[in-house]
Amino acid sequence: MKTDETNSCSLAGIDASCRVPLLALFGGAAVWLVLGLLLGLVAAMSFHKPDLFADCPFLGFGRAQAAANDLLLYGFALPAALGVLLWIFARLSQAPLALPIVPVVAANLWHLGVLLGTAAILVGDSTGHLWLEYPRAAAALIFAAFVLIAVSAAATLGLRAERELYPSHWFLFAALLWFAWAYSTANLFLLSGHPPRGVVQATMGWWFANNLLFVGLALLGIGIAFYFLPKLASQPLASSGFTLFAFLTLVFFGSWCGIPQSAPVPAWLPAISAFAAMLSLLPILALALVAWHTIRGANCACAGGPFCFIRFGTLSFVLSALLYLSEFCPRYSRLLDFTWFGFGVTQWQLLGFAGMILCGAIYEILPRVMAKALPHPNLVKWSFFLFFAPGVLLYVVPLLIGGVEQGLKLRDPQVAFASANGVTLLFLRVSTLGQVLLLAGSLCLLLNILTLTVQWKLGLLKTVIDAVKAPLERESASAALGGAESASAALRRDKEVKA
Amino acid sequence: MKTGCTVFLAAFVALGASWFGLVRGPLHQLGGAQQTLTLQAAENWPPQRTGEATLGLQVYRKYGCAACHTEQVRQTGVANELALTSLGTQKAADFKDFLKSLMVVPALMNYSNTILGNLEGWNGNVPVTLYSGDNSSVVSTLADKLKPVGVKTEALVVARGADLARGWGVRQSVAADYLYDEPLQLGNLRAGPDLTIIGLRHPDVAWQLQHLYAPRSQVSDSTMPAFRFLFEVRQKTGGRPAPDALALKPEFAPAAGLEVVPTLEARQLAAYLASLKANAPLYEAPFTPVTAAK
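Which chain is which? The protein sequence lines are C and U, in order.
Plus 7 on top of the position in the first sequence (first one is 1) and you've got the numbering used here.
Plus 40 on top of the position in the second sequence (first one is 1) and you've got the numbering used here.
A hint or two may mislead.
What the hints assert, rightly or not - Here are the simulated lysine-lysine pairs, DSSO-like style, with alpha carbons at most 30 Å apart: (1) U:K102 x C:K56; (2) U:K289 x U:K102; (3) C:K476 x C:K416; (4) U:K136 x U:K187; (5) U:K317 x U:K102; (6) U:K185 x U:K102; (7) U:K187 x C:K56; (8) U:K276 x C:K416; (9) U:K276 x U:K289.
Keep in mind that the hints were calculated from the coordinates and are not lab data.
Fair warning: this is a prediction, and the values are worked out from it, not measured in the lab.
Chain C with its partners taken away, still in its complex shape:
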């Protein structure tokens, strides 16, 4: 009897409990995605017209590209992934989100941190460490926000009715630990008053970047994909044993990659990374197999919906991870290091893998959470076929090919540097087209989220006005006093509606 009651209210209730936190996380993430892609476009302009920003110190390649990369990672990918994580945890626990007000506060802190950090980079206050450009204040805000979200996630996990964890749980739970450990270590060592000397800074930076961009994003992205792929394909996850194997090998071997083969450090460091990269092929192949067998033969129309996004993202994960690991093979690294290849792989990981899976997840979650269809469903469909999928390919593939070309020319000392550099320009011009397409796609995402938010706020306002107009003895008057936008009011309203 009791279980029936909780189950009957569960799905809608759980979704409603995530409404305000997820809107706060996704809305900001979409804005940062648009801004990040825009800044990336601005940065690329330096290669089309070198002297464009000769009199403007704020938008040169060095600053704009760093700000764009950080916006895509810290502004978009992480908060969006954490939002999806909260929802998945609540769904898998069959319980409403614990402490729902905490992630709302956290989302605002997070976005404030990103805003501060981006502004700092653009005015020249970057720390100078790759992927850690945000100064101390911004990093502290982001970390505090992360801890708050993690607390809410852990509390929700604790509410679960079934004690057994699902494969998605392993990946997402480990991702929480990964970010907390990697981000705090890197910031505490590198941004403290007494940073370590010389190349130790670089080894820490590489360890951090690898564990955030490769392992961390893989844990988040695959955790999310392995929740949605079986659901959307209406088929169970192919093999839980293989997934467990992939999880363990990924965390044990993947975390040792990251030291470039050409690095001016003691030789054991690159050697151990090369070995770890070779072993890391195991989880990638295992994950690819599991994903393939899960969606094979699925009776699921790919009409540009979330399934398309997530399938594309999973494929991107496998391919980008293989290319990423190839950079640690000494034979290829001599060719690929210091070229646009590595840049292309990173953008593929950020946009093609994490970005696509997150877009798909957001499009899947939003209508449920808002209990309302997406305002522009056609935009979703067309944005996949016209903007996102071709955008990612047009952006990344020229960078990869151009990087190999550049590497081949740089390897031959008889070829002048200008010629090696010149060969990349053509590829950069094509990749800029991809950036424009991605920007258009991200605008579709932003438009959907913004319209939903505005509609929801107008709805809230209407409720409040109705409540105020209604005779005083109605108990809803007290709810209205709580303020239109407060999360508790929203939750109470949801419960009333359901009742």
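Mind docking chain U on chain C? Use the hints.
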């Protein structure tokens, strides 16, 4: 993997192991690094930067120069070379014949084609490289055999690799080179050339400043953006240029009566670039400096 505890433990052990290996490990090995001594000259390495150059590193960081420039070069190996520096009283043809007769020595037998091939079409000009390869015993044997006949030879250790052949360095970059870099600006993309020894390639600060103001005035096919905001364009006082005004080529110079003067940041950045010269032979990166060979 049924409970949260096992997942947490597995993840904790995995990340903790890599943390110990890749964070604590290098910190333990290199965190207490001190200046080291160069080979031969036994000077302290790396030299401490001047104050202006130290501030210049912050300008380098501020404008994100490392987004396009690396400060690290690779080498593929080290070659042992023997160069003939003086024939003494010998004639070139006699020396060649003598060298040919040496090729029966067991240590040299396998290398006769290489050594004699190096002298094909040689007309007696010195210095000339007799041997260049991996085998150091060839160098020592050959030098020993040539000593008694009155010719002078010199044994060299030469670092090889595409980066070095491009003139971007004289040896590979090693950890010791970066002792005073905070923040370290290694860079990972060569949209512009490597800067490891830019201070040797272009020692002239005036060149650096002109290149920053108008890159294509110095390198015609450069794709580097101009950093004009690091300079002040102002009226000449009394019709004559200030002492630190840039002597720009006419097509890059401002209108008549105006002059281009570097700001403090531009001068610091140029001083930093001039300080980049990783040219000392070290224990872990040996080579024979060219200046010592001459």
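- prompt: Going back to the hint list, which numbers does this structure go against?
  reply: 3, 6, 7 and 8
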